[in-house]
Amino acid sequence: MKKNIVQLELKNIQSQMNPTFLFNTFNSIHRQAILESADKTSELIQSLTTLLRRSLSQAGSFTTIEDEMNYIHNFILLKNISKHRKIKLLTAVEMTCLNCYLPFFIIQALVENVFVRDADTDNSDYHIRITIKLQGET
1292 MKKNIVQLEL KNIQSQMNPT FLFNTFNSIH RQAILESADK TSELIQSLTT LLRRSLSQAG
1352 SFTTIEDEMN YIHNFILLKN ISKHRKIKLL TAVEMTCLNC YLPFFIIQAL VENVFVRDAD
1412 TDNSDYHIRI TIKLQGET
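Numbered per our numbering, the sequence shown spans residues 1292 to 1429.
Be aware that a few hints might be false.
[Stated by the list, open to error] Calculated cross-link-like contacts (lysine-lysine; reagent style DSS-like; alpha-carbon spacing at most 30 angstroms): (1) K1331 x K1379; (2) K1424 x K1379; (3) K1377 x K1424; (4) K1424 x K1370; (5) K1331 x K1377; (6) K1331 x K1370.
[What the hints assert, rightly or not] FRET-style restraints, in silico, Cβ to Cβ: (7) N1390 x N1295: 38 to 46 angstroms; (8) F1314 x T1422: 29 to 37 angstroms; (9) T1316 x L1425: 39 to 47 angstroms; (10) K1379 x S1348: 22 to 30 angstroms; (11) R1322 x F1353: 27 to 35 angstroms; (12) L1326 x K1377: 22 to 30 angstroms.
No wet-lab data here; the hints were simulated from the structure. Glycine residues also receive a C-beta, built at the ideal position from the N, C-alpha and C atoms.
Based on the sequences and whatever the hints tell you, model everything.
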């Protein structure tokens, strides 16, 4: 029984080490890109790190609309490097909505659906418009 507990604790430590190694490596690449004046590479690494950190820390929970929109901006930035076209994100979010909570990844799932259905098979430029506002009771 005690051996099983020790093995579980070791697996828990190992699972924490892998993300730490990745983030440290990304941080080193980011610093190297800055030293080489590779601004775009630096921005992409920073976006990827932000996405990964958020994915690992908040999965299954709730987040603010502001955080979700920041995530979407990083997602689109990374999506644009893998395609030969431009995806432009147009947002209109009322300030009163920024601190409202919603399920984690809910907007991202809707945005990603565009790529699953159309954008990954089409070389056209895309505009994705997200509008978030409070509506009164009817």
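Return the numbers of the hints above that this structure violates; sort them in rising order. none
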